[in-house]
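Going down the list, the sequences are from chains B and X.
Going by the working numbering, the first residue of the first sequence is number 1, and it counts up by one from there.
Going by the working numbering, the first residue of the second sequence is number 341, and it counts up by one from there.
Check each hint, because a few of them may be wrong.
Here are the simulated SDA-like pairs of lysine to any residue, each with C-alpha atoms no more than 20 Å apart in a straight line [stated by the list, open to error]:
1) X:K817 - B:L292
2) B:K290 - X:H816
3) X:K556 - B:D149
4) B:K101 - X:N935
5) X:K987 - B:R102
6) B:K218 - X:K817
7) B:K217 - X:Q842
8) B:K217 - X:L480
9) B:K31 - B:N62
10) B:K217 - X:P844
Across the chosen pairs, the derived CB separations fall in these ranges [what the hints assert, rightly or not]:
11) X:K665 - B:S199: 34 to 42 Å
12) B:S199 - X:S638: 22 to 30 Å
13) X:G527 - B:R243: 46 to 54 Å
Hints were generated in silico from the structure; no laboratory data involved.
Bear in mind the structure is a predicted one, so any value in this text is a computation, not a measurement.
For each residue, glycine too, the CB sits at the ideal point set by N, CA and C.
Chain by chain, the residues:
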Amino acid sequence: MQNKLAQLTDLAIEEFKQAKGRRELYDIKVKYLGKQGQFSVIMKDMAQLPKEERPVFGKVVNEKKNLLEQFYSEQEAHLKKIELEQKISSERVDLTLPGPKRTTGGHHPIALVINDIVMILSRIGYSVRLGPQIEQDWYNFSALNIPADHPARDLQDTFYIDPSHVLRTHTSPIQIHTLENEKLPLRILAPGAVYRCDSDISHSPNFHQIEGMLVDKKVSMADLKGTIVFLLQNLFSTQIQVRFRPSYFPFTEPSAEFDCTCPLCKGKGCRMCKQTGWIEIGGCGLINPKVLEATKVDGEEWQGFAFGLGIERMAIIRYGIEDIRWFTENDVRFLEQFTS
Amino acid sequence: MKISLKWLQDFVDVSDFLTQPQVLADRLTQVGLEVESIHDLSRDLNQVVIGKIVELEKHPQSERLTVCKVDVAQGPLRQIVCGATNHRSGDFVVVALPGAVLPQNFAIKESKIREVESQGMLCSESELGLKETSEGILILPPQVTLGQSFATYAALDDVVFEINVTPNRADCLSHFGLAREVGCLLGRPVQKLSPKLKLSNRQIKDKLSLQVKAPKSCPRYAGRGVFGIKVGPSPQWLKQRLAAMDINSINNVVDVTNYVMMELGQPLHAFDLNFLSQGKIVVEAATANEEFISLDGSSLNLSETDLTIRDGHRAIALAGVVGGKNSGVQENTVQLFIESAHFVAEGVRRTARRLGVQTDSSYRFSRGTDPELVTLALNRACELIQQLAGGDISSDFYDEYPNKLPQSTINIYLSYVSERLGYRVLSEEFESWMNRLGCEVTVCERINDSNSTSSSLAKDVHYKICPPVYRWDLQHKSDLVEEFGRLKGYHEIPEHFPALQQMPTPHTTDFILENLLAEAVTAAGYRQAINYGFTSDSFQREILGEVQDFSSSGLTVSPSAVTLQNPMSEDLNVMRVSLLPGLVKNLLHNCRHNNEFGRLFEIGSVFKKSEDSSYTQNLRLGLIAWGHLTGLWTQNNKTYPLVFDLKEALSIVLNKLNLRNVLWQTPKVVPQLFHPTQTAALFCEGRQIGLVGSLHPEKAEQYKIRPGVALSEIDFASLMRGQPRLVKIQSHGKFPSVERDMTLLVPVELAMGEVLKELKKTAGTLLQRMDVVDLFTGEGVPSGFRAITCKYFLQDNQATLDETKILSIHNSLIQTLQTKFKIQLK
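Only chain B is shown next, with the shape it has when bound in the complex (with noise of 0.2 Å):
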């Protein structure tokens, strides 16, 4: 009997080694060590033998059993080892070619600019107001000390919807709206569209500009310039130096034209700047108290400032776009470079 075991269990070894797949290996197990299998019959047979010899014998399959079954599990992995390299070595592919295509989406330079502008000014306590494009006739130009027949009304060449009212030639008229309706002090950004009816390469009929205003008991140029070094230091760079030139609008008192050292050659001279180290950015200026007192302002009380710039010529000075029109033809190739 003990022969007879030695033999299956050398038959089991042999049988187990020959197995091709963790399946055949799993069923030579069943045949020999499952509940029907050949161990159990033998199992069976111990009942023949006298009963001192049983234990012994009883330990005997105890041990072959428990032989098998690590054979059995070192098989087992073994193979398992071979089923992975093969499904791994199955499934190579080549990741240098593409996926499947996505759209990513994205913002237009102008409103990039715009939410930039509004976000460093915002640090320092300006919030968004908005306005109509079709405006009367007194927030475009009358309330802005700009009155009919006068001649600052050539500066800006106008479209008329009808005698009242006109397509705003500039966002300022945001800055009386604000004026009659919020209290002082105050300071706002008034970013939006506006229309000019002249149209060459350099120029379109309707762009957008941003302004900012200041309302408080004392306001000086100081502290325009300081406000204006600040936001041009994080809108381009912290090296940027500001200058001011005499200018004149109707709605400013004193007023300038506001330059920086141009971004990109730092000041050295480039194509951007015309060689001169510098780019005129916007104009600006201490609220002409005209203003103020159009808006029933007290003007002795209140001083403010107000400047105001364009957000094409920001967008061409920042992304070097080399063609006003292509703000507006909204072709994929230009609006898929923009990865913010």
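Got chain B; can you put chain X on it based on the hints?
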């Protein structure tokens, strides 16, 4: 405004800047008179000198050419080959030496012309840029200096500035005016004109009566007679000065009036006295619809708001704008009435703009002239006319100036100037600049520190300041702050960071919401587009079709667009009523450039006129998608209508906005732009807010668009109602969810959305979600039906669901399908 430095030199010494004009230009720009360009006339005539032909021979190889030996005073004789025929030996000529670069970049070099050396060129007037065309070379009169620079000889050694004079600085629209500014700036004396008139004993008042009936529009009117003149060409110096201003020479009289305008800034007009038949000059308003023929022959239709100069019954000039054809100076004119007047700026501007007649005169009057210069300019003109055209000047003259224009007085404290500029201003410096500007400065009070008596350390000074009349722009103390600030230099202004003492307010809601929506749409893979707010009326109509069709979709589209009174072109003549025409235009642009795939959105305003005739603008969201996503992994996919792609993008947007109660329904009316059977109305929380659909196949064909196109427009206010919405987080449950599916046979004309809506209602609160996972037709599916597989998930947050509960829900779903829709399971 063009300014000739040599002319400026008549009034203020700028000779040191002739060789370095950029220095003066920079100074002017720094004080607000921006020099836009500098034209150095002599630069074109460098190496161009006066020479004398001392020998002249025929060219050995050519009949047409001559070989000249020319003396140019310096160096040996120059041998020059010349093709002209009008020159002889002994003539004085203009020689361009090698190295000269004549106008139009014509560089002169030593060369061989038909094997004969030529060391320069003899110039014609056209080659020198003096005339458009000319015959032969320029022969100079014999009284010239050999070897002299031609620029010096011809007084072309001038520099002309083009200055951008801002509307407040009308006082700088003349050489005298700018000289005043330069004098102030550089601290140099300014020469004043004092015309010397040889008066005759003739009287203008005998010939002509004057009546100013509109003193409000014409506060000052002056005039003088000149008799027995001879109209003829102007001398060279006058022609040259006018040419530098881009003014054509006409005759000696008209040229003088233009010259004085450019010199003093006062426009003048010369009438031929013989045409003033009634012996009257009346300044009064035109009659309505009166016809007036201007000097250049154009017919103008006047109104009662236009001021005219009349000779009794007819208009002879449009005041300050243009003279009449009926009374202007002609070749045979012998006696003149010279007008010099002050017309009110607003009136001249209104007339000039309404009639579209812009002249140098109306430009100056519109910006404001100096009433105190009226008689000076008049006398200056008479002086020059007498010099150039002879004649007798009337001993008397008219000068109607009943009410002197008021001069403003400004009260200002020195501390105000310091506070507004942001640095400490010294009283001496302030007073000095005010004086240099021509202001009368009166110190009302010096407020001293208690422990100091020195005037320079005064704590504050109270001034009364009277600006000169020609600086009518200086009316308020803030104007004086600017004057001091710019003259002292804006570079003096320090940088100071204003303290924030108030609590910032939130951004206006629409700005926050626009950004919120833009973020959501970009997350769905769309690129932001920005189009003009105005568009072409015809294109807009063509794209939108019957606009009433939009009104049932929650988008009120105005049937008549807001129209521009003065459009630049027909391409941009109305305000947009929808974002779709702009986006279609972008599509066409992209397709033309073979961009066959694109996803664009725009958030922008559309415009309409309200019933109360005010204008309103409403924000919209527009989307357009064209071209399927194709590539390695999708190439064999069946192509689905692109509108589903757009619909899914919108679903992402709606999800990001936390909008759950959303329905897509077949619209009652489909606008003509959209595909009639591939368009859905979007309902959100029970309200219709927009449309999603494919482009109508006819439009695709009309515009030759190859890729599939889907479009959408949604009302911004309806979409963003109650935004930004706070998200309330639901528990995701700790008990397992179970998954079931069923395949339905749905008739093709029945919208699956309706079925899903009912099924979700029936399933109740235990339903987590229900998805459509498969759709097929064909084998095994009866015709007229679609087999649609739905998968749904049930979960109870309180307990594990038992099989009977699940079965009862499944059965109730089947029940609903059968009773409501007569739908069988497959």
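Checked hints:
no.	hint	result
1	X:K817 - B:L292	holds (15 Å)
2	B:K290 - X:H816	holds (9 Å)
3	X:K556 - B:D149	holds (16 Å)
4	B:K101 - X:N935	holds (16 Å)
5	X:K987 - B:R102	holds (16 Å)
6	B:K218 - X:K817	holds (15 Å)
7	B:K217 - X:Q842	holds (12 Å)
8	B:K217 - X:L480	violated (71 Å)
9	B:K31 - B:N62	holds (16 Å)
10	B:K217 - X:P844	holds (16 Å)
11	X:K665 - B:S199: 34 to 42 Å	holds (35 Å)
12	B:S199 - X:S638: 22 to 30 Å	holds (27 Å)
13	X:G527 - B:R243: 46 to 54 Å	violated (24 Å)
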